[in-house]
Amino acid sequence: MKKLVVLVFFMGVPAFAAGHIPEGYWFELFAKSVNAVVFFGVLFWLVRKPIANALRSQRENLSLQLEDAERKEKEAAERLAQIEARMEGLKDEVEEILKKTDEAANREKERILEQAKREAEKIHRIAEREIEMRFRTAKDELRKYMTDMAVEKAESILLEKMETRDIENTMMQYLKELEG
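Residue numbers (our numbering): 1 to 180.
Derived by calculation from the structure, the hints in this document are not laboratory data. For clarity, every value in this text was computed on a predicted model and none was experimentally measured. One thing to keep in mind: the hints can contain errors.
[Unchecked claim] In the DSSO-like style, the derived pairs of lysine-lysine whose C-alpha atoms are separated by at most 27 Å in a straight line are:
hint: 1; residue 1: K49; residue 2: K2
hint: 2; residue 1: K49; residue 2: K72
hint: 3; residue 1: K99; residue 2: K109
[Unchecked claim] DEER-style ranges, computed between Cβ atoms:
hint: 4; residue 1: E75; residue 2: A52; range: 31 to 37 Å
hint: 5; residue 1: V47; residue 2: A69; range: 41 to 47 Å
hint: 6; residue 1: V42; residue 2: L64; range: 29 to 35 Å
hint: 7; residue 1: K144; residue 2: K109; range: 31 to 37 Å
hint: 8; residue 1: I123; residue 2: K144; range: 29 to 35 Å
hint: 9; residue 1: N35; residue 2: S57; range: 51 to 57 Å
hint: 10; residue 1: K122; residue 2: K153; range: 58 to 64 Å
hint: 11; residue 1: E177; residue 2: M149; range: 37 to 43 Å
hint: 12; residue 1: E93; residue 2: K117; range: 31 to 37 Å
hint: 13; residue 1: K117; residue 2: D140; range: 55 to 61 Å
hint: 14; residue 1: Q115; residue 2: L80; range: 33 to 39 Å
Positions of the beta carbon are idealized from the N, C-alpha and C atoms, including for glycine.
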């Protein structure tokens, strides 16, 4: 109501500024003021309920949005807590997996080292046998060579000391022994 009185007051200011008030001005001012009061009154009466409803609806919507935001914030906090708990569990699981992997790698390393040791021993035994076999072969070849050399030397000595007739007798005797 105070605003309306102030509005009517300011509607009359131009007339006072002119310095002189024409006849019928007050009546016209009063009629315009009443017209404005009626217009704004009817406008207020018509718009009051829809505006009040709109403001109430807006307030309810904001309240619902605020409640929804609070609910979503709580849900997000719960999800975050679940995710953090799951991540903590995953950390433990990763540590367990790494521990098992290290243990498996150590077992595999030990197995490979043991297998390599057995292979080295096997190769060592094979090499010893090979060396022994070659030593025997060389020894046998050396005996054979020495025997052959001794036979050749004996033959050459015998040939020098024996005459042709002795050689023929010896060969005949040897052939008889072979036949008989």
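For each hint, the structure was consulted:
1. Distance hint between K49 and K2 is fulfilled; the C-alpha atoms sit about 22 Å from each other, no more than 27 Å.
2. Of the pairs offered as hints, the one joining K49 and K72 is violated, with about 33 Å between alpha carbons and a cut-off of 27 Å exceeded.
3. Note on K99 and K109: the hinted pairing holds, with a Cα-Cα distance of about 15 Å set against a maximum of 27 Å.
4. Taking the beta carbon of each, E75 and A52 are about 34 Å apart, inside 31 to 37 Å as hinted.
5. Look at V47 against A69: about 31 Å separates their beta carbons, and that is not inside 41 to 47 Å.
6. Judged by the Cβ atoms, the range 29 to 35 Å given for V42 and L64 holds: they are separated by roughly 34 Å.
7. Between K144 and K109 the C-beta distance comes to about 52 Å, which lies outside the given range of 31 to 37 Å.
8. At roughly 31 Å, the beta carbons of I123 and K144 sit within the given window of 29 to 35 Å.
9. For N35 and S57, the hinted distance range of 51 to 57 Å is not satisfied, since their beta carbons lie about 33 Å from each other.
10. Restraint check, K122 to K153: a C-beta distance of roughly 46 Å breaks the suggested window 58 to 64 Å.
11. In this structure the hint that E177 and M149 lie 37 to 43 Å apart at CB is violated, the actual value being about 25 Å.
12. For E93 and K117, the Cβ-Cβ distance of about 36 Å falls inside the hinted range of 31 to 37 Å, so the restraint holds.
13. In this structure the hint that K117 and D140 lie 55 to 61 Å apart at CB is violated, the actual value being about 35 Å.
14. For the pair Q115 and L80, the beta carbons lie near 51 Å from each other, so the given range of 33 to 39 Å is not met.
This entry does not satisfy hints 2, 5, 7, 9, 10, 11, 13, 14, going by the numbered hints stated previously.
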